[in-house]
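Engineer: Sequence:
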Amino acid sequence: MTPPDAAAVPPTRTLHLSALLLLISIRAGCGAGFQRFRVTPESVEVMEGADVFLRCVVENQQGKAQWTKDGFALGFERQVPGYPRYTYSGDPALGEHHLVISGITITEDGEYQCQVGPTQTNPPIWAAANVTVLVPPKSVEFSGWRDGSVVEVVAGATLTLECLVKDARPAPSVWWYRDGLQLDQGQVEERVEVSPLARRWNVRSRFVVRAKAEDDGKLYTCEADHPALRGTSDPLLASITLSVLHEPGRPSISGYRTGEVLVAGERRTLVCRVSGGNPRPWLTWHRRGLLLDDTTTADAAGVINTHQLTATAADDGAVYECRVNSDLLQQPLLANVSLTVYYVPSFVTLTGPTQVEEGAPISLTCETSKSNPPASLLWKVQGETVTGSPETVVRVSAGGWVTTSHLTHYRVRSRKVTEVVVECRAMNPAIEQVVSKTRIISVTKPAGPPRLEGDLGDSYLAGTTLDLACSSVGGHPPPTIRIYKEEEEVATEVVREMNVTRGRAKLRLTPADNGAKVTCEVTTLGSTSPPLTASARLSVHFAPWEVTGLVLPATVEEGAIVTLSCESSTSIPASNITWTSDGITIDSATITTTKAAFGGTTTRSEVQLRATAGDNGKKFLCEADNGLAPPVHTSLTLHVLHAPVWVSKPPPEVDAHEGSDLVVTVSATANPGPLRYWWRRGEETLMGTGQELQLGPVTRHNSGHYFVSAYSQRGAVNASFYLNVQYGPEKVQTVDRVTVDDGGRVSTQCSATGNPVPHLTWSREPTYNHNSSGTTLASGVGVARLMIESASRTDTGVYLCHARNIVASASPARTYVVVSQEVTAATDVPEQRGSWAAVGGSGRLVCHVRAAPPPTFVWSSQSGLILLNSDKYTIHEPKLLDGLVLWSSVLEVRDIIPRDYTLYHCTAHNPLGTDSVAVTLSPPSRPHPPINFTVSKVTAGEVWLTWLPGLNGGAPSGYTLKYKASGSPVYQYVEVSGGGARSARVSGLSAATEYTAAIQASNDHGRSHFVSLSFFTLLGKSSLSSSVFLSHHLP
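Position one of the sequence shown corresponds to residue 1 (this note's numbering), numbered consecutively onward.
Do not rely on the hints blindly, as some may be mistaken.
Said to hold, decoys possible - With a straight-line Cα cutoff of 25 Å, these simulated PhoX-like cross-link-like pairs (lysine-lysine) come out:
no.	residue 1	residue 2
1	K166	K138
2	K370	K380
3	K517	K506
4	K937	K879
5	K649	K618
6	K937	K962
7	K380	K437
8	K937	K964
9	K445	K416
10	K517	K485
11	K506	K485
12	K437	K370
13	K517	K595
Honestly, the hints are just simulated from the structure, not real lab data.
Throw the hints in and build the complete structure from the sequences for me.
Structural biologist: Shown next, in the form of structure tokens:
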């Protein structure tokens, strides 16, 4: 097909250019070596946007070469002016003038000429090629339907399918297919139309379909054919599917043919099938108008409904109908089959007696349920075939036959027979199957008279269970035994052993059963004789189940007579009654007995008492017992009217600690109440709260005599007590200081007051050379005197006077005892060894001595130079450190230079002697390890660790503590800041676990090595988390 714009090149301009070139050629004439084309351009078809390469090679080129498009000259320059996508390619020296168009557009198709101009000796030459730009169609669509639509059409109707292929260049073609098979193009009508898009074309194609049933479900496809689409794997097409509405065909049934014989129980599958039909029909099975199955399925051949049946007697003559229904059908299409079924009787019935008396005749009737064909009957008695009456066969209206036979006046020939087995058998001649019914007829015989077993003349205890037994010999069938108590039947278990039938019953005895009649009754099933019986009366002993009591009068005056009475319920034998109160038995009771219910006896007991105040509210226990069960009892309480009496009152003297909350409690009783209390101190009435006197925090001023009265409308009672308020030691007094010469005598007194008078003891505070703080040196009550004969310097110390009594202990009073002594160096003080200081800083040297009277100090250098206060040195005033004899002197060295690191001498003097101490000033160094690292306390989850700094090295600024559980490779680390720290508490430990702990000291100059210890935590509950608590002690 040629598009309308195939001749797009104007011819006029081309003719003028050709004439000009021809004229030039004529003038030039002919000569050797004319220019000619070695390669000429070839026409091409390209997709829009592709690159175009038109080849042109000129041999023996003389004139200038250029290209034209549709007669318009593009010029001689290799980069075509005004056409940035146009270039001339190749080597001009070799005559190569190829035209390259990059990204060609739809407007650039047409005729292109490679032209070489003339010269004096050569005529012009040119060669042309067409460039066709291909634009594939954008879409293919059905008019009125979307791609993939299902189009409904009634069979026999005409349907016009119209397909539109849009926006192609050149105009495309259209192909039609039916289920992949190409249709005859002669039946296709096509029309080319101008596209709204420039230089493009649409094609509208139509195909007419006359719908037939076989077109149902067929796929109609419209496919675009275009040069730009050829060779692609994805064709441009659109499709619709026809849905042709048509009626289904006639149904057919397979699986059974009318007239076949089925045997009951036989299984058959009935298949109803129909072909065609749109919409798809549905099939249903019916039997006698009732729906059986509506499960419809489809296969390649059509629609089916498969129904499985098991033939039964009810199916004999039944019509199974298949119905085909469709929305296009006014009435369903039908097909059916009628079944023939052979079957045996489903059951046989036997009517007649189930038991007969010995010697009586037997008559029975046997009848079958319906059968096809009719069944025959056979009688068997005791396994032997016998002849019955002729059979009767009757046709049943619902189908089948019923057969009946009679067995009359049959007599049992043996007297030993106790039962007769009769069987009636029904047999269908067409089916090898027998249906039978059996009846067992019992031959009855009378049973022997009953006998109550055991000695029912004995006495039995109420509350126990009596086993009753009654037996009877013989009888068939075994007789029924029932046991009665009076008119009430007792649950009875009956067993048959050999030829004896025995009934057993259990009877829970009560007092009401005393004298009750027990009867055993024997009856034989089917016997017309009256029941046989045997009976006896019961004797039952029982204990009293309650006792009742009474107090007369209910309220009694103190000193009057009151009567207590008590009566038991009936019992056999009679009950004994006893009286007790507060665990004491009362013997003066009067006893009477009376006949009572159930043939028993009641017992009555009375006791008379003279009432006292102490009897008010007192309980008396009455107990009845006849030895057969635990005693029963009741309690009686006396209500005695009396004046107040004390229940509890204070002792003559009440001791109380000063400051404690004192509550004095009394208790009295009176009847009737109310009872009131009156508290007094001398003539002063106190605010008591009933039975309590609350004095709050008492002081010594509360001491004195107190009175209390309890009174009611019937009188009063009084009581008194002395309140003794006790307090702890006070005014513990002794001298502050005692000074004595060596060998002298010390005598000092300590005194204190308190209630009771305190106990005084003297002891001594421990010192660096004395540790006897627990030793009592002197004691006394109220006063204690401390005596030291021939005192020596070792007796110098702090002496404590302790005062204590049952209330408290007072803080000890101190007496400083100083025994005169010469000067001695205090080598036990850690700071005595020296000090550390950096260059440029200040050093502090401390000298410690012991002396009494006080010493004087002189500092000198290692060379013996006496040091005095100056800009370089400061000597501080001596200080008494322990209040006794320990003195210190401090030399401060400022602006330290290296030669200041030397030994310094401290000389102390008093009237009794002189001593010297050498102290070293050293440069800073790392600390030594802590000393005395130990556990001071341990629990299940915590440990307290203590230590002292090692003073042989530099001063510590802090400590590193680490710990871990035994067996663990990992330590927990804790940094303890401050050189003054002396202890730490670690928590969060596990109970009953061994731990290792270690500590090191550190300062700016380094760390000491670790010192370690091990410990065990105690059993108990551990803490939830680990933490460290620090305790500091500064020197």
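Engineer: Are any of the numbered hints broken by this structure? If so, which, sorted upward?
Structural biologist: Those not satisfied come down to hint 4.
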